[in-house]
Structure formats: C-alpha cells, structure tokens
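Protein chains: 2
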Amino acid sequence: MKLSLAYFTLTLVGSSTAFFTPVPSTLPTSLYSATETTSGVQRNGNFAKLAGGYLFPEIARRRNAFLEKNPDANIISLGIGDTTQPIPPNILKGLLDGVGKLGAKETYSGYGAEQGMAPLREQISKVLYDGLISPDEVFVSDGAKCDIQRLQNMFGSQVRSAVQDPSYPVYVDTSVMMGQTGELNEATKQYDNISYMECNAENGFFPDLENSVRADVVYLCSPNNPTGVAATKEQLENAVRICKERGSILVFDAAYAPFIRTPGVPKSIFEIEGAKDCAIEVNSFSKYAGFTGVRLGWTVVPSSLKFKDGTPVKQDFNRVMTTSFNGASNIVQAGGMACLSPEGMKEITELIDYYLENAKILSDTFTKMGYDVYGGTDAPYIFVGLKGASSWDTFSDILEKAEVVTIPGAGFGPGGEGYLRLSAFAPRESVVEACERLKKVFS
Amino acid sequence: MKLSLAYFTLTLVGSSTAFFTPVPSTLPTSLYSATETTSGVQRNGNFAKLAGGYLFPEIARRRNAFLEKNPDANIISLGIGDTTQPIPPNILKGLLDGVGKLGAKETYSGYGAEQGMAPLREQISKVLYDGLISPDEVFVSDGAKCDIQRLQNMFGSQVRSAVQDPSYPVYVDTSVMMGQTGELNEATKQYDNISYMECNAENGFFPDLENSVRADVVYLCSPNNPTGVAATKEQLENAVRICKERGSILVFDAAYAPFIRTPGVPKSIFEIEGAKDCAIEVNSFSKYAGFTGVRLGWTVVPSSLKFKDGTPVKQDFNRVMTTSFNGASNIVQAGGMACLSPEGMKEITELIDYYLENAKILSDTFTKMGYDVYGGTDAPYIFVGLKGASSWDTFSDILEKAEVVTIPGAGFGPGGEGYLRLSAFAPRESVVEACERLKKVFS
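Here the protein sequences come in this chain order: A and B.
Start counting the first sequence at 1; every next residue gets the next number (UniProt numbering).
Start counting the second sequence at 1; every next residue gets the next number (UniProt numbering).
Don't take every hint at face value.
Coverage of chain A stretches by chain B, computed from C-beta distances (three or more under 8 Å per stretch; other residues unrestricted) [stated by the list, open to error]: (1) 78–88; (2) 108–117; (3) 174–180; (4) 320–328.
Capping the alpha-carbon separation at 25 Å, the derived lysine-lysine pairs in PhoX-like fashion look like this [as the list claims (entries may be wrong)]: (5) 93/B x 105/A; (6) 233/B x 276/B; (7) 126/A x 346/A; (8) 314/A x 49/B; (9) 49/A x 314/B; (10) 308/A x 49/B; (11) 101/B x 101/A; (12) 346/B x 105/A; (13) 126/B x 93/B; (14) 105/A x 360/B; (15) 101/B x 346/A; (16) 93/A x 105/B; (17) 360/A x 49/B; (18) 101/B x 93/A; (19) 93/B x 93/A; (20) 49/A x 308/B; (21) 346/A x 105/B; (22) 93/B x 101/A; (23) 93/B x 346/B; (24) 101/A x 346/B; (25) 233/A x 267/A.
These aren't lab readings, by the way, just hints derived from the structure by calculation.
Positions of the beta carbon are idealized from the N, C-alpha and C atoms, including for glycine.
All chains, please: the whole structure from these sequences, using the hints.
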C-alpha cells in the first residue's frame, strides 16, 4: 500500500519538475522521470551505438539455435579460439602447488600486488623478453581482453583509435563503449571517428599505415587474429617509425606470439628499435598453456612511454590496475611460474606443435579444394578466401550441411567480408573429421 | 641514424601543423606535438584530477618506508582487510579438484560463459539468496572491486553518483576516472559533482538520504567498510523507497554480509521489498572463504531494473561482461562451488567466528581505554573515534610507536577524519600482541 502510494505520487509529478531537491546542488541534477517500470537513470548512450551483441556469444547463440532444431547434430567447433588439450603435467603441478600453499598457515597468502607477484614479473621479463623490458614494466592480469578494457579506461573518451580491418572485435567494441566513436554508419558498417585500416590479401593483411589517417591509439595484432598472418620485422619497424613520427601510441597484441615459427619474425614489438617510446604490448598465457579458462595474461607498459604532457603512461596504467583490479588469482600466477620453467616451456612447445599441425591439416584441405588460404604457419588460425561468397551465409551453410562451427570474417569488421576464420584448437580427430565433412560441402 | 632523422623532422614540424594527413578524416584529428621524449597523445584529464594514489598501496608505501628506516621492526598489520587464515580443507579440495579436471582430456575446459558457470550461478541464487533472485541475474566475476569498475563502464560519464562519507575509496576513484566528477575541492577534499553523504556517530553511520541531493547512482555498503556498522532493515527499506521515488539506482555492496550475526539485519538488499526495481548488489567470496588472493565475486543485476528508456540494465551489464571480461578462473569457480556446499558453509562460519572474535578483542581494548568504538559485531572492522586527533597523524604515531599498521579514517574520505579503521583479519596472536602494544601507546 505504502509502495503504491509512492508510485502514485511519482506518476503525478512526472518529468516536468524535480519533486525532491531539499539540498541545492552546485551542478544541476539530471532530469529524470522514473515510472513504475523504469528508473530515472539515462542509459549510457555509447551502449546504444553498439550493433548487435559481442561476436562470440552471437556465434554460440546461432550454434545453440541450430542444436535446438537438430538435437542429434554432432557439431565440431572450429569457431572460437578455445584450447581443448589438457594442461600438461608440470604446469598442472604448478597450479596444484599454488592451491596447496593456501591450505597451510605458513604458506597462505591473501591479496598480492595488483601488478602481479614479483617473481612472475621477473620471469616474464627474463624468459619471454630476454631482458628487453624490465619486471616493473610488466603488469600481470587475468587476460588480454580485460587489459584492453583497462587500457581504454586509461585512455578515456577523447582519443581517436585505429584498428586493422578485420580485427579482434574487442578493440572496436571497447572504443565504442568508452565513447571514443560516433554512430555506426549502416552503409559502411564502420563507426564514425575510428580508423579502419584495410587488411587484405593484396597488402599481406598488414595495414598501409603511411596512407592511413593519424590516430592517437593504433591497435596492431601479430600473429593476427583473425587472419593468422604474422607481421614481418620490416612491417613492424615501419609501424614503430610512423607511430613515433605521429606521436601515436601503438597497442600491440601479441597473444599468439609463441606460435611464430618463421625465423626472423618478431615475437614482441620490443624487438623493434624505438618501440619502448611508443608501444604497449598486451599478452596472454591463454592460447598455448591451455589457460583460456584459467585466466592469466600481462601487459607491458615501458617506463619511457609518455603522454603529451610528460606523464608516464605507466603511472596512469598503474592507477587503473590498483584502483579497479585486485591482481590475478595467486593460484593462477603459480601456474604461470610453472609455464616459464624449462619443463613448462617444453610442454608449451609441444602443445603449440600439436595445434600448428591442426592448422596445417585445415590449410591443406582448403588449398586442395582450390581456395586461397592465409595464416596457419605462425598462428593457430587460418583465413580462407570465399571467392566472393558472403561470410555469414557460408557460416550458416557450413553449420547446416557439415555441422561445423566457423567464424564469418565479417564478424571481425567489414574488411573481413568474403573470408572465413577457422580455429586450429580443436582436438586432432575433430579437425580431421571436420575436413572430411567440409570437402563434401565444398566439392 | 634513421631514428635520429625521424626525430629531427618531427622537432622541426612542431605542434603548429599536422604534417601527415594524407587521408582526410570526417572528424578533426587531435592536435598533437610529439617530442623526442613524449608521445602526442593527450593524457586522460580525469586521471589528473585524482589526488594521490589509491589508498591501500599508499598505506603499503608508508609501511615500507618505515621498514626501510627500521629494518628490525616487527610490524603487525591491522590495515588492509586481508585474510590470514588458511583455506579450510573442503574448500581447498574444491580448488584442487578444479585444477585436477584441467589435467585430463575428458574433463578439461577452456573458456566458460563470461557470466560464470551455470551451476555456480544456480548455487549462489539458491544457497545465498534462497531463491530471492534467479541464476540468470547473477554475474560471477573476479571480485567486487573489479565489478564496481565494470558497473562504472556501463554507467558512463554522464551519471551523478552519491557515496557514503567515509566509504570504500573505489566508488569515488572510479567515478573520477570515468569523468563523472569535477575537480577536487582542496578545501573540502571532495570532488565536484559527486554527493558525499555524511555518516558519523550521530546518524549511526547511515546517511540521511532524505536530505541528500538526488543522485543517479547511490553507493551503499553494509556491513560497512570502513565503519563496520550494518544497516538495519528499516534504514534499508527507507533507502529503497527513496531510490525508487527518485529513480536512482542503488549499488549495494554486500561483501561483508556473512559477518552479520545480529538477528533481523538484512544480508542482501533483495530482502527489501521493491529492491529488484532499483538495486544492484555487488558481492564477494574474498573475506570469509580466504579468497582475497584467489579472486571470486559476483554481482546481481535484477531483470526488472531498467534505464529510463526502458533498456534492461542487465542487458548492458551483460555487454560489459562479455566484451571486456572473460569469466572468473574455472579453477576458482570450482572453489566457489565447494564454498557453497554444506561442508564449505560450515567452514566459512568457523572462519567468520574466528575473525569476529578478533574484532571483539580489538573493540574491548579500545573501549576499556575510553574510546568510542563502532562496528565489529556484524563486520570484521572496528572504527575508533580519536577524540579529535588527526587520523593520518594517529596512523603515523601508531606505526612508529607500536609498529602496528592501521588505516586512517580520512583515507576513506573527508568524513572519516577523526577515526581509525582496524581490521580483524590478522592472526589471533597478532591481534592480542597488537592490543598490548596499543595499550602502551594510548595510555
């Protein structure tokens, strides 16, 4: 009864007058008009700009819809880049020991440094970067995706970003959510005020930075998701040079670096001279230690990288990490230490060998069928040119006829139209079976 | 040499002309002037507003500075609310089993749902909320602090927030970082465009919402950090009524709920009629399962909560979770399942008993010395009135004379001046020893 009365009063007052402002505010309070069914809080307009849901849940939704109609379907997923092989023994032991320590008073630990355990930061610096960057430049986290959001929180709404097109959707989506972009242009499928740098077979899937408009933040991913192509040293030298000339910050996503097998291809942007003055590197244990569900990544912010006013970028990123993050799980960090032991590194190499062999099987299959295939030698993804066919149509076609889940290139941006991404992370037998089914569909 | 040349060109061009804009942009590119030592990217102005570092690293810095000068000091920490007791056997077994599953092909799992494992969402709904909220309203995460940032990312920069003063610093700091506030007023130590709702001994440390200016987002924490006081049912009914009348969204931080022992005191905002139309609840396993370093929390966003335009808040929060988070660690979620088993719940009760007994020892000590003490019966914190003394001075005094780390009330906002927060999370013997030392300092 009391509640109904309150509602009633509210409805009467409506949106025209603020009915309850006993304390004057120095700034005007928002206009609002709560109704019986809504609050009076304005929705963040940036979310309304977002077209559709985040890509991978959308793929899962379509897969589940198919399964509902075809409950007996035997679906093979070559879609999301999700590891399927168990965590090898030495790394697993690291995780188990991490748990074990929490069970005894003498070894128990609670909150750790938000930036990560000192020994892990040291090992990352030493084992993975050969000392190119120092431990205090390493911020350990729960994954690259989360770090990209945290970088965006640091950059704020006033920067202009540039992305490879196609690209991992998180760069664009988080830029939209942060208010850096305008509306989606329905014709081009691009958001205003974000630079889409075309990547296609003609330019080796690496953008022509020289002829792209300047951006404050340039996102590059190598080995690339979704195209599977790793940038050469020359390409990266050029990118660093241009970013330095233009005063851009290069956010380099190296989450697939250990898959690189071609000699001379850089595994870190910090192999490039001058990168410490312009680049941030985002990285992850997910894809090669079987840690997709375990959650461990890191971001390198060099001490020498500065905003225009001279403030070290590291200082603000540290503020983000300490204020809105509480460190990666101590159990998981213990697993990370095990990954970087000689035994762990050997296990990781074996896992990568396994997934790269999968990539080769997929690549060979499509090549033999006469398709142009990219990637797959230095990355766990292959990118197949569809000879002009629509990528969402092909996705649906393959799902229905072969019961295989892939990812349409267009899901990674308008530049991905006409391509299909296939992940090499499925178990070997599934990859082989999927190839058999695909041959039937495409021949 | 090549690099020097690039720098040279850049210096010559200076900030007056954009020297490289081959592709016209629909929007003007930012003005910039990279120099040899900085990028051309403007620092996010919201970060410049932040006064000092995040509170707890600042406390750690002062503690370490003291230790450097006094390397033989035997410091006891009653500062940050960090658990010290080992994880009990049944919960530990849950974590070990979580790891074990990742070592076998049959039980291995990679990416899970970003919103959390279905069985954990179900158990949280059933065991902790007795079905008051449904599993699909639960978003499992890596902790309450991280979720508050994600909520802020959803709210964006245009909302006006209200906080209890004193309060957990993350609400204010993330509001500043998101651009919701103005500058810090040096005189009041308050940021413009954020409402500080006074909480003190006179009002039972619960704000007078009726006489506070309307805000879009109202942060309430009960049992409260830092005051240790739990809100009564009547107070919360009043808060829900006012938030509904005003169309405000109430963000209720219930991270200490299981410490509540006083009958009739609500453990969840959803015990209050009407809360599902106006409230979000942030929660955590950290403090009572020994999970501070393990990282597991959750946020409840009711399906019926809507923005002014009718968009379900849950829809946008789901977009944040799927786009910029990748799920809590699967190992840790397995630990969460064990927490919610009957054996785990029994272990949690024993841990809470232990910490509450610590709180009683601390409370009794200060009471006997003639100080006004608040909290500690339904929360792991006690809040001590300092009889007019400065809280930072008292903090330093206690650190130097007793080698005990506390937290100055002023660290939680200007309203905390004149108080000291003590955490009950230290081991029993340390609490007893700290009390002996404090008696010497204060008498």
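Here's how the hints hold up against the structure:
1. Remark: the segment 78–88 of chain A is confirmed as covered by chain B, as 7 of its residues place a Cβ nearer than 8 Å to a Cβ of that chain, reaching the required three.
2. For the segment 108–117 of chain A, the proposed coverage by chain B is satisfied: 6 residues have a C-beta within less than 8 Å of a C-beta in that chain, meeting the threshold of three.
3. Judged by the Cβ-Cβ criterion of 8 Å, the segment 174–180 of chain A is covered by chain B as claimed, because 4 of its residues qualify and three suffice.
4. Restraint check on the segment 320–328 of chain A versus chain B: 8 residues with Cβ-Cβ distances below 8 Å, three needed, restraint holds.
5. For the hint linking residue 93/B to residue 105/A, the alpha-carbon distance of about 16 Å falls within 25 Å, and the restraint holds.
6. The hinted pair formed by residue 233/B and residue 276/B meets the criterion: a straight-line CA distance of about 16 Å does not exceed 25 Å.
7. Under the criterion of a C-alpha separation no larger than 25 Å, the hint pairing residue 126/A with residue 346/A is consistent with the structure, at around 16 Å.
8. In summary, the hint linking residue 314/A to residue 49/B is supported, as the alpha carbons are separated by about 17 Å, within the 25 Å threshold.
9. Proximity of residue 49/A to residue 314/B is assessed by CA-CA distance (about 17 Å); at most 25 Å being required, the pair is judged to hold.
10. With a CA separation close to 17 Å, the supplied pair residue 308/A and residue 49/B stays within the 25 Å bound.
11. Between residue 101/B and residue 101/A the alpha-carbon distance is near 19 Å, which keeps this suggested pair within the 25 Å criterion.
12. Restraint check: the Cα-Cα separation between residue 346/B and residue 105/A comes to about 19 Å, which is no more than 25 Å; the hinted pair holds.
13. Taking the CA atoms of residue 126/B and residue 93/B, the gap is near 22 Å; set against the 25 Å cutoff, the hint holds.
14. Distance check on the hinted pair: residue 105/A and residue 360/B sit about 22 Å apart at the alpha-carbon level, within 25 Å; holds.
15. Note on residue 101/B and residue 346/A: the hinted pairing holds, with a Cα-Cα distance of about 21 Å set against a maximum of 25 Å.
16. At roughly 16 Å between alpha-carbon atoms, residue 93/A and residue 105/B fall within 25 Å of each other, so this suggested pair holds.
17. With a C-alpha separation of about 53 Å, the suggested pair residue 360/A and residue 49/B falls outside the 25 Å cut-off, and the hint is violated.
18. Proposed proximity of residue 101/B and residue 93/A is supported: the alpha carbons are some 12 Å apart, at most 25 Å.
19. Under the criterion of a C-alpha separation no larger than 25 Å, the hint pairing residue 93/B with residue 93/A is consistent with the structure, at around 15 Å.
20. Our distance criterion of 25 Å between C-alpha atoms is met by residue 49/A and residue 308/B, whose separation comes to about 17 Å.
21. Of the pairs offered as hints, the one joining residue 346/A and residue 105/B holds, with about 19 Å between alpha carbons and a cut-off of 25 Å not exceeded.
22. At most 25 Å may separate the alpha-carbon atoms for a hinted pair to count; residue 93/B and residue 101/A meet this at roughly 12 Å.
23. Our distance criterion of 25 Å between C-alpha atoms is met by residue 93/B and residue 346/B, whose separation comes to about 15 Å.
24. Among the hinted pairs, residue 101/A with residue 346/B is consistent with the structure: their alpha-carbon atoms are about 21 Å apart, no more than 25 Å.
25. For the hint linking residue 233/A to residue 267/A, the alpha-carbon distance of about 10 Å falls within 25 Å, and the restraint holds.
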